[in-house]
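Turn these sequences into a full structure, and let the hints guide you.
Number of protein chains: 2
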Amino acid sequence: MAFTTNATIASFGGKLLKLSHEAKSTSCKMALNLYLPPQAFQAQKTTSKVPVLFYLSGLTCTGDNCSEKGFFQHKASEKGIAVVYPDTSPRGLNIQGEDDAYDFGSGAGFYVDATKEPYNKGYNMYTYITKELPETLFKEFDVLDGNRVSITGHSMGGHGALTLFLKNPGMYKSCSAFAPISNPINCPWGQKAFKGYFGEENQGKWKEHDATELVKQWKGHLHLLIDVGTGDNFYKQGQLLPENFLAAAKEAGNDKDIRLRFQQDYDHSYYFMATFADDHVEHAAKALFA
Amino acid sequence: MAFTTNATIASFGGKLLKLSHEAKSTSCKMALNLYLPPQAFQAQKTTSKVPVLFYLSGLTCTGDNCSEKGFFQHKASEKGIAVVYPDTSPRGLNIQGEDDAYDFGSGAGFYVDATKEPYNKGYNMYTYITKELPETLFKEFDVLDGNRVSITGHSMGGHGALTLFLKNPGMYKSCSAFAPISNPINCPWGQKAFKGYFGEENQGKWKEHDATELVKQWKGHLHLLIDVGTGDNFYKQGQLLPENFLAAAKEAGNDKDIRLRFQQDYDHSYYFMATFADDHVEHAAKALFA
Numbered sequence: 006m007a008f009t010t011n012a013t014i015a016s017f018g019g020k021l022l023k024l025s026h027e028a029k030s031t032s033c034k035m036a037l038n039l040y041l042p043p044q045a046f047q048a049q050k051t052t053s054k055v056p057v058l059f060y061l062s063g064l065t066c067t068g069d070n071c072s073e074k075g076f077f078q079h080k081a082s083e084k085g086i087a088v089v090y091p092d093t094s095p096r097g098l099n100i101q102g103e104d105d106a107y108d109f110g111s112g113a114g115f116y117v118d119a120t121k122e123p124y125n126k127g128y129n130m131y132t133y134i135t136k137e138l139p140e141t142l143f144k145e146f147d148v149l150d151g152n153r154v155s156i157t158g159h160s161m162g163g164h165g166a167l168t169l170f171l172k173n174p175g176m177y178k179s180c181s182a183f184a185p186i187s188n189p190i191n192c193p194w195g196q197k198a199f200k201g202y203f204g205e206e207n208q209g210k211w212k213e214h215d216a217t218e219l220v221k222q223w224k225g226h227l228h229l230l231i232d233v234g235t236g237d238n239f240y241k242q243g244q245l246l247p248e249n250f251l252a253a254a255k256e257a258g259n260d261k262d263i264r265l266r267f268q269q270d271y272d273h274s275y276y277f278m279a280t281f282a283d284d285h286v287e288h289a290a291k292a293l294f295a
Numbered sequence: 006m007a008f009t010t011n012a013t014i015a016s017f018g019g020k021l022l023k024l025s026h027e028a029k030s031t032s033c034k035m036a037l038n039l040y041l042p043p044q045a046f047q048a049q050k051t052t053s054k055v056p057v058l059f060y061l062s063g064l065t066c067t068g069d070n071c072s073e074k075g076f077f078q079h080k081a082s083e084k085g086i087a088v089v090y091p092d093t094s095p096r097g098l099n100i101q102g103e104d105d106a107y108d109f110g111s112g113a114g115f116y117v118d119a120t121k122e123p124y125n126k127g128y129n130m131y132t133y134i135t136k137e138l139p140e141t142l143f144k145e146f147d148v149l150d151g152n153r154v155s156i157t158g159h160s161m162g163g164h165g166a167l168t169l170f171l172k173n174p175g176m177y178k179s180c181s182a183f184a185p186i187s188n189p190i191n192c193p194w195g196q197k198a199f200k201g202y203f204g205e206e207n208q209g210k211w212k213e214h215d216a217t218e219l220v221k222q223w224k225g226h227l228h229l230l231i232d233v234g235t236g237d238n239f240y241k242q243g244q245l246l247p248e249n250f251l252a253a254a255k256e257a258g259n260d261k262d263i264r265l266r267f268q269q270d271y272d273h274s275y276y277f278m279a280t281f282a283d284d285h286v287e288h289a290a291k292a293l294f295a
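Residue numbers (the working numbering), protein chains in the order written: chain V, 6 to 295; chain H, 6 to 295.
Don't read these hints as lab results, they were simulated from the structure. Fair warning: there could be bad hints in the mix.
Since the list can't tell identical chains apart, any single copy or any two copies may satisfy a pair.
Claimed, not checked - Listed below are the simulated DSSO-like cross-link pairs for lysine-lysine, each with C-alpha atoms no more than 27 Å apart in a straight line:
#, residue 1, residue 2
1, 34, 224
2, 29, 255
3, 23, 54
4, 54, 241
5, 121, 261
6, 241, 144
7, 34, 255
8, 20, 241
9, 255, 20
10, 29, 197
11, 241, 23
12, 200, 54
13, 241, 34
14, 200, 126
15, 291, 29
16, 261, 144
As structure tokens, this is what we get:
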């Protein structure tokens, strides 16, 4: 058993498992939540499997925030989709300064593999999310269908969802995002993170993890759902830049099936997420059950 | 303007207002949340009003917990019901010891008017919830229909919902509860609170705020929805005693339309609440729109 089950909580007819495991890629114990919909328990009897939606959280969050406030379980329960809520960084690596800022270090892994000392010691959330975590999960939980996986996320996690999707064609059946950091190389949050994880000089690496850069290279059909609130202060401050992403997609001829919705008055909080969570699970369901 | 609006947050098509006001009954500034569904904004134009659901929180909570995690806005938005999330006690009265325990004093007002020194200085949540708050709200917010009000609550707030409903025939169109403290005079939480707020000798007062005692006196039809999780540790510890309530109702011939549902494996948390919030709003809606 790779995972320890620290709690099992009934939720919307299924079970939310609070798990932890020793992860190699991040050099530490990682916590996550796994929501198994009611169909997962029926599936165990019939040997069919349920598809999986990875939800990547934003700055400062753990897997708990969205499990409690995001209401993904509501529609995931109805559709029969498992939801994985990973943490946002390694924890407790004892790197000097890693806990000093809300937007860098712990709680702010940015879904990259750091190349710069000292963060290259374990800040490898890219490998953790795309390889180690799914491989370990799908090995231990037979009921999860590793061939039907989608991805979504919020803010820094929206950046994660978009970049992991765009860097790995075929790995995810669909992608959506809430208020994603869409062009990190051109916003303060992204610049700070990439400087710290890659170094200032390593601009090639920066571009490899920038959704707006990646979408220019995308080949084939691109069907995305992106929601941004017009009352989101981080949007107003230029941290999100979804227009840059859309413009780049348009220039590359890939924008036709990107639904970028500006939601009147909504902010950056889980109140916003909860309101549109059903739509994002529906978006994933269409691809996962196609 | 009796209320200060500290924040306005878009949620499920409506707005959650974070309000505060100087309350006479509790001798302090009280915070609360008011969810206005989308229909409230349409109603302002047509001069029709929306009905109101009071949600009473449990021990340690403020109005924020359920606003963020309870999922009531989901169905309230659809039905066109405003939701009021009050605080659970006065705050900052500087009574010695009021912040020492999670289950007495601040965060634990138990929806009674304290008669015992020193808590009689402001621990008057009964008067606050049944009189001052609704009167002040309905005066300031024209869009709220003071003639169509329902009540619900969780744990200590479930006790509050049941007792306020049973003590005030006609005041509330309907009542429901999640994991209510149903017989406080016979459980440790209730005994501690009533001893502190009323005194050990004042058993008459104790009974006046005990749902199981009150239901014996109820005249007429009684239509209640009560959910309790079988995995709820407080239920297992005998803090809730819903069976006592049901037995008393039965003895009085009032149990026919009480739906006491035991929900398999659910605990005492907001995961439980969120799962069944839709049902409780539906229960209220049937009465509010009858």
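task: Since the copies are identical, ignore which copy is meant and state whether residue 34 and residue 255 lie within 27 Å (CA to CA) inside a copy, between copies, both or neither.
output: Neither, since 42 Å and 53 Å both go past 27 Å.
query: From the Cα coordinates, with 27 Å as the cut-off, is the pair residue 29 and residue 197 best called within, between, both, or neither?
result: within (26 Å within a copy, 50 Å between copies)
- prompt: When no copy is named, should residue 54 and residue 241 be tagged within, between, both, or neither for a Cα gap of at most 27 Å?
  reply: neither (42 Å within a copy, 34 Å between copies)
task: Indicate which option fits the pair residue 29, residue 255 if close means a Cα-Cα distance not exceeding 27 Å: within, between, both or neither.
output: Neither. Shortest intra-copy (39 Å) and inter-copy (60 Å) distances fail the 27 Å Cα cut-off.
- prompt: Checking residue 20 and residue 241: alpha-carbon separation at most 27 Å within a copy, between copies, both or neither?
  reply: between (38 Å within a copy, 20 Å between copies)
field: Alpha-carbon proximity context of residue 241 and residue 34, limit 27 Å
entry: neither (36 Å within a copy, 33 Å between copies)
- prompt: Within a copy, between copies, both or neither: where do residue 291 and residue 29 come within 27 Å Cα-Cα?
  reply: Neither, since 34 Å and 54 Å both go past 27 Å.
field: Copy assignment of residue 121 with residue 261, given that the CA separation must stay at most 27 Å
entry: Neither: 38 Å inside a copy, 69 Å across copies.
query: Which holds for residue 23 with residue 54 at a C-alpha limit of 27 Å: within a copy, between copies, both or neither?
result: Within. Shortest intra-copy distance 20 Å satisfies the 27 Å Cα cut-off; inter-copy 43 Å does not.
Identical-chain pair category, residue 255 with residue 20, by Cα at 27 Å: Neither, since 41 Å and 34 Å both go past 27 Å.
message: For residue 34 and residue 224, with the copy left unspecified, which applies at a CA distance of at most 27 Å: within, between, both, or neither?
response: neither (37 Å within a copy, 59 Å between copies)
task: At 27 Å max between alpha carbons, let me know whether residue 200 reaches residue 126 within a copy, between copies, both or neither.
output: Within one copy only: 16 Å inside, 57 Å across.
The structure does not agree with the numbered hints 1, 2, 4, 5, 6, 7, 9, 12, 13, 15 and 16 stated previously, though it agrees with the rest.
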